[in-house]
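Which chain is which? The protein sequence lines are C and H, in order. Under our numbering, think of the first position of the first sequence as 1, with each following residue one higher. Under our numbering, think of the first position of the second sequence as 1, with each following residue one higher.
No wet-lab data here; the hints were simulated from the structure. In this text, all values refer to a predicted model and were calculated from it rather than measured experimentally. Just so you know, even glycine gets a beta-carbon here, dropped at the ideal spot from N, CA and C. The hints are all genuine.
Here are a few chain H residues that sit away from chain C, every Cβ distance over 12 Å (derived from the structure):
(1) Ile22
(2) Asp149
(3) Gly172
(4) Pro175
(5) Gln202
(6) Asp225
(7) Gly241
(8) Phe311
(9) Ser317
(10) Gln331
(11) Trp345
Simulated crosslink set (DSSO-like; lysine-lysine; CA at most 27 Å straight-line):
(12) C:Lys47 to H:Lys300
(13) C:Lys19 to H:Lys300
(14) H:Lys97 to C:Lys19
(15) C:Lys23 to H:Lys300
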Amino acid sequence: MNPADAYEDAVDLLDADHKAVKKLFIDFNALCDDGAAPQAREQVASKICQALLVHAQIEEEIFYPEVRSGTGDEALVDEAIDEHAQAKEAIAQIQGMDPTDDQYDDAVKRLGELIDAHVLEEREQMFLEARQSQVDLKGLAVRLFERKKELMGKQPTAKRASRRVTA
Amino acid sequence: MRALVYNGPKDVSVKNVPDARIERPTDVLVRITSTNICGSDLHMYEGRTSMPPGRIFGHENLGEVIEIGPAVDRVKVGDRVCLPFNIGCGFCENCEKGLSGFCLTVNPGSAGGAYGFADMGPYAGGQAELLRVPYGDYNCLLLPRDSEDKENDYVMLADIFPTGYHATELAGVSPGESVVIYGAGPVGLMAACASVLKGASQVMVVDTHKDRLKLAEKVGAIPIDDTEGDGIERIMELTGGKGADRGCECVGYQCCGMHREEVPNLTMNNLVATVKATGRIGVVGVFVPEDPNAQDRLAKRGQIAFDFGQFWFKGQSMATGQANVKAYNRQLSRLIEHDRVKPSWIVSHQLPLEQAPEAYENFDKRKPGWTKVVLKPGMR
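The shape of chain C in the complex, shown without the other chains:
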């Protein structure tokens, strides 16, 4: 079986990302509570940022345009893109910070809150509307999967490079 076919549809694939990143946010908060070392916190935070950037990109490139044309709900998609823009700003801020910075933990936590709200809206509105529309969610899952793999293959180099700059 093609590994892309493991996901029943695009919603399953995208929400698996949501769940994975939620787990990382819970882990991050736990590290903060436990007073973990800056490197440990940075490691989780950069994983979060990387996962979110890839997720946002595949949604914007592949999923949102199809939802826009398939459901006709322009406002819903515009709002989601707007929220992505806010999240990207927050991510850029975190990536530009040193984990020893007083504001670092709060910046990551704020990103977590933004993402929680965004995920809730996607689950309650966009995913339901998409599934109730004629959008080819099965076909999209394969495209999303392949693009995600492609982007993840590129990302680590970029991350190592940015690390060196901050270090």
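Got chain C sorted already, so can you dock chain H onto it with the hints?
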């Protein structure tokens, strides 16, 4: 329509909101005549969930069908129906297996949908005059002819009677066995009632609230008052030092110690201690993946300090999760119809919807005598 709206922690009010309506062809619209306040509403009421302000509470609903969507075949206008708190589609993999509490369709991403509940989809609750019921043919339990006289019994089929019964199913209670139930709240009381129905030889119910323990006694359970912290000893004595065959957790993550302080692992570890080696524990009390507003460090991240060594050493097993109401509600309704059970024995108050805010306050404070509130939106 009038509806009970969540404004923020410990702040609810009855407001005018847009009428619930048919949104999809498979929907049914119900005029609510009875809707209960549930202990799990209190987690949201206290601001201990991700419930956004502006939502309508209420997942224990009963009423009369006033309109049906064009794709509804079975349900008719005028039918009196009780709605399982879980919303299912009826055609996904989990619904097909009878796991309607974990429907994969109605709440994409998260398993399971419900009315007016945090993280369980966009569906409005029924503490209101009207309720939209998705997939009406699947979700409505049509009630027998005596449903008006026994409305306070039948409304318990929406959640707590099946949930209490589910606890005993998860624990595997069979005739002749002994059962220890932590929690004499409405769900624990229903678990006690279900255990008695199943022919358990000893049903021990542990709590610190005397008014609730009295209700447990009324259905033939042995009340164990844990106010002094000697509950474990009592249970071990009653079971000849072995512990109970089966255990039910009917409290959840906001369980409290002797001084009403939250001790999230209290009931789970007490069950490990009071259930016999090889016994099984059924957990229907609500536990959450994260609880950012908790005091406890572990609780914040959805963890408890669990006596896993003892649990393993005793070879115990455990089953967890919300009840799949549709797996039980039809059979349990027949027990009501044939007067074998009267789940309304726990009802302490029936009030008009307008008095819901006071009811929430009193129920949340565990004011003595406030066991179960049934709201009547039609009552003035």
